[in-house]
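Given only the sequences and the hints, what does the whole structure look like? Please build it.
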Amino acid sequence: MKGRGVLTGVHFMHGDHACAEGAIAAGCRFFAGYPITPSTEIAERIAQRFPEVGGVFIQMEDEIASIVAVIGASAAGVRAMTATSGPGFSLMMESVGLAVMMEIPCVIVDVQRGSPSTGLPTLPGQGDVMQARWGSHGDYEIAAYAPWSPQEMFDLTILAFNVADRFRIPVMVMADEVVGHMVERVVIPPEDQIPRWERKRPRYPAGNGFKPFLVEDEDLVPPIVHAGEGYRVHFTGLTHDERGYPDMSAEAHHRLVTRLVEKVRRNASQMIRYDTYALDDAKIAVISYGCTARSARRAVADARRMGIPAGLLRLISLWPFPVDVVRELARQVDVFIVAEMNLGQMICEVERHVCQPVKGVFHAGGAMIPPDPILQAIREVAFHGTRVGGGKASAG
Amino acid sequence: MRKEIRIAGFGGQGVVLAGYILGKAFAVYEGLEAVMTQSYGPEARGGSSSSNVVVSDEPIDYPFVLEPDVLVLLSQEAYTRFRPTAKPDALVIIEEDLVHPWPEDRPLRIPATRLAEELGRRIVANMVVLGFLTAVSGLVKRESVEKAIETTLAPRLVPLNLKAFATGYEYAGTLTAVSPSAGFLKR
Numbered sequence: 003m004k005g006r007g008v009l010t011g012v013h014f015m016h017g018d019h020a021c022a023e024g025a026i027a028a029g030c031r032f033f034a035g036y037p038i039t040p041s042t043e044i045a046e047r048i049a050q051r052f053p054e055v056g057g058v059f060i061q062m063e064d065e066i067a068s069i070v071a072v073i074g075a076s077a078a079g080v081r082a083m084t085a086t087s088g089p090g091f092s093l094m095m096e097s098v099g100l101a102v103m104m105e106i107p108c109v110i111v112d113v114q115r116g117s118p119s120t121g122l123p124t125l126p127g128q129g130d131v132m133q134a135r136w137g138s139h140g141d142y143e144i145a146a147y148a149p150w151s152p153q154e155m156f157d158l159t160i161l162a163f164n165v166a167d168r169f170r171i172p173v174m175v176m177a178d179e180v181v182g183h184m185v186e187r188v189v190i191p192p193e194d195q196i197p198r199w200e201r202k203r204p205r206y207p208a209g210n211g212f213k214p215f216l217v218e219d220e221d222l223v224p225p226i227v228h229a230g231e232g233y234r235v236h237f238t239g240l241t242h243d244e245r246g247y248p249d250m251s252a253e254a255h256h257r258l259v260t261r262l263v264e265k266v267r268r269n270a271s272q273m274i275r276y277d278t279y280a281l282d283d284a285k286i287a288v289i290s291y292g293c294t295a296r297s298a299r300r301a302v303a304d305a306r307r308m309g310i311p312a313g314l315l316r317l318i319s320l321w322p323f324p325v326d327v328v329r330e331l332a333r334q335v336d337v338f339i340v341a342e343m344n345l346g347q348m349i350c351e352v353e354r355h356v357c358q359p360v361k362g363v364f365h366a367g368g369a370m371i372p373p374d375p376i377l378q379a380i381r382e383v384a385f386h387g388t389r390v391g392g393g394k395a396s397a398g
Numbered sequence: 180m181r182k183e184i185r186i187a188g189f190g191g192q193g194v195v196l197a198g199y200i201l202g203k204a205f206a207v208y209e210g211l212e213a214v215m216t217q218s219y220g221p222e223a224r225g226g227s228s229s230s231n232v233v234v235s236d237e238p239i240d241y242p243f244v245l246e247p248d249v250l251v252l253l254s255q256e257a258y259t260r261f262r263p264t265a266k267p268d269a270l271v272i273i274e275e276d277l278v279h280p281w282p283e284d285r286p287l288r289i290p291a292t293r294l295a296e297e298l299g300r301r302i303v304a305n306m307v308v309l310g311f312l313t314a315v316s317g318l319v320k321r322e323s324v325e326k327a328i329e330t331t332l333a334p335r336l337v338p339l340n341l342k343a344f345a346t347g348y349e350y351a352g353t354l355t356a357v358s359p360s361a362g363f364l365k366r
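Residue numbers (my numbering), protein chains in the order written: chain A, 3 to 398; chain B, 180 to 366.
Treat the hints as calculated values from the structure; they're not laboratory data. The structure presented is a predicted model; accordingly, all values stated were derived computationally and were not measured. Do not rely on the hints blindly, as some may be mistaken.
Calculated Cβ distances over 10 Å to all of chain B for the following chain A residues [stated by the list, open to error]:
| no. | residue |
| --- | --- |
| 1 | G79 |
| 2 | S138 |
| 3 | V180 |
| 4 | K213 |
| 5 | R268 |
| 6 | R300 |
| 7 | A303 |
| 8 | V328 |
| 9 | E353 |
| 10 | M370 |
| 11 | P372 |
| 12 | Q378 |
Computed beta-carbon distance windows for the label pairs [what the hints assert, rightly or not]:
| no. | chain 1 | residue 1 | chain 2 | residue 2 | range |
| --- | --- | --- | --- | --- | --- |
| 13 | B | E256 | A | D374 | 28 to 34 Å |
| 14 | A | L9 | B | R301 | 28 to 34 Å |
| 15 | A | H228 | B | R335 | 51 to 57 Å |
For every residue, glycine included, the Cβ atom is placed at its ideal position computed from N, Cα and C.
Pasting the structure below:
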C-alpha cells in the first residue's frame, strides 16, 4: 500500500484523473460524491485508487448529502473532498455556508459545464465563477482556483487542500469540461516535494474552560480540534461564541461574521495566485482564466507578432481576486479586455477596480472560446483607440 | 511546428486508445508538447468516436484539432464527416475494407481489421493502424510508440499489441509507393 499515494513520474494524464491524483497526493482520504458529467472521472479514479491508500469513498444519494459527509469527515480530522458540476454545485451551496460558519476545511471541485440548469452536460462553461464566491447565503469569503491544464488540476487540488486546512475554509477548484477532459503531460513530483500546510492544532488540554473557537493569533484562525480527541466541542451553523455555543446577539453575530470574512481578507496574499505573459510593457491587458486563458495567451502572442503591445494576466485564484495586481496594472495599461466563457462575470470584478474601459469577450458556453475573437478584440482596441464600451461587448 | 492528428471511427475500434498512446509517445517519450481530446456519441459501441492529438515543439494553447495534418478514418461515417476537414496536403489513411473513398480521393489504405484478425484478435486493429501511421507519417519514432504501448497496457496484453503495431509498421513497407494523398479535395 505504501508508496502508491504519490505516483511520482511523468504521465500523459486526463485532467479529471490528475485532480484525483492531486487529492490523493495531498493526503485526501475521504471522498463523498454523486456522479455527474463532466466530473465523474474524478470520482471513478478516486474509487479505483482509494483502496490502495486506505481511503474511504462513498457514493452518496445526492450532492447535499455528499458535501455534508465531507464536512463530517473533515471535522473528524481527515482531508476530505467532493467533486461535481453545476447542478450538483447548486445543491451544495447551503452547506458551503455551514462549512464557513463551523470553519471546517473542505475541497469542492466543480468541473463546469454549459449552464444554467441541466444545460450542456458534456460541454464546457465558466458560468459558476460568481456562484463560487456568492452562492451560499450571507456574508463570507472563500478561496477558488481555476486550473488551465491537467498539470494544474493536480497542482491546484493540492493547493486547495493546503489553503482549506491552513485557514479553515471551504476551497473550490473551478475547473471546466475542457481542462477536465483534456489529456496532457502531468509531472508528479516525489512525495517529499508535495507541499503540505498543516491545520493548526489546539494548544490547551481538554477540560473545563477549553474554548474551541478562541482566536489568539493575528491570522484570525482558531486551532481546530477533531471529533474523538477528547475535547468537548460543539459545532453549529448558528451564530456562536468562542465556546461554540449559540449566541443570538447582534454583537456576537457581527463579531463572528466579521472575523470569518476578515480571516480570508487578511491572509489573501497567501491564497492569491496568478500568472503573466508579455505583460511588462503592455498597454492592453487581457485578463482570463481556466481553458479560456489558453486561447487568450495565443491571441496575445499573435498580437505581439503584429506589433500590438498586449499582455495577459491569468487569474489562477479567482477568489480571493488579486485586487492589488489589477490596480497596479491599471497604472500601466490603457485598456482591459476580459475573456471568459460566460456572459460577463469576472469582468464585474475588474470593472470595479479600474477606471479604464473594460471590453468583454464572452460566450455562453458549449465550446471553448478560440483565439480569434480575443485577437479581434485586441485589434479593435489597438486600432480604434480605447473608446470602447465598458464590458458591453456581445457574445461571440 | 504544430501538427494536428485525428483518428476517427466507431466506438469499439479503439480510436481513443490509439490517440492516447500516440499522444503519450509525443509528450512522455519525445519531450514534445501534446494534447489529446476525444469526442464520442452516447453509445457504448457502434457510435461515432474520434480522438484528436495536437503535437508541437512549444506549449499548446488551443487544444482542439481544426484542420488535421493527419487524418485516420476507420468507418464510412467518419470518412464522410471528417474527410473534408483535412488540410489540402494532409496525410489521409483509411481502413480499406470499411471505407469506400470518393472516386477522386487517393488516401493511403490499410486492411487493418483483416491484418488484426490474422494475428488472432480483431481488437488490435487500432495498433495495426498506429504502426502504419508511425511508419508513413515520420512524426514519431517507432520506439517511442512502443514504449507508450508497454507502459499503458496491462503486461499480459503488451506482446500481442506490440506485434500488431509491428504488423502495421511493416505493412507500410510493402506499399509500392507511399504518396500522401494529394490535396485536390476542395473545401
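Taking the hints in turn, this is what the structure says about them:
1. G79: 37 Å, holds
2. S138: 33 Å, holds
3. V180: 7 Å, violated
4. K213: 51 Å, holds
5. R268: Label holds. Min Cβ-Cβ 36 Å, cutoff 10 Å.
6. R300: 4 Å, violated
7. A303: A303 (chain A) is in fact no farther than 10 Å from some Cβ atom of chain B, at 8 Å.
8. V328: Holds, because the least Cβ-Cβ distance between V328 (chain A) and chain B comes to about 23 Å, which exceeds 10 Å.
9. E353: E353 (chain A) is indeed farther than 10 Å from all Cβ atoms of chain B, at 26 Å.
10. M370: Incorrect as stated: the minimum Cβ-Cβ distance to chain B is 7 Å, not above 10 Å.
11. P372: 6 Å, violated
12. Q378: 15 Å, holds
13. B:E256 with A:D374: 28 to 34 Å: About 29 Å separates the Cβ atoms of E256 (chain B) and D374 (chain A), which means 28 to 34 Å holds.
14. A:L9 with B:R301: 28 to 34 Å: 33 Å, holds
15. A:H228 with B:R335: 51 to 57 Å: Once the Cβ atoms are compared, 45 Å apart, the range 51 to 57 Å for R335 (chain B) and H228 (chain A) is violated.
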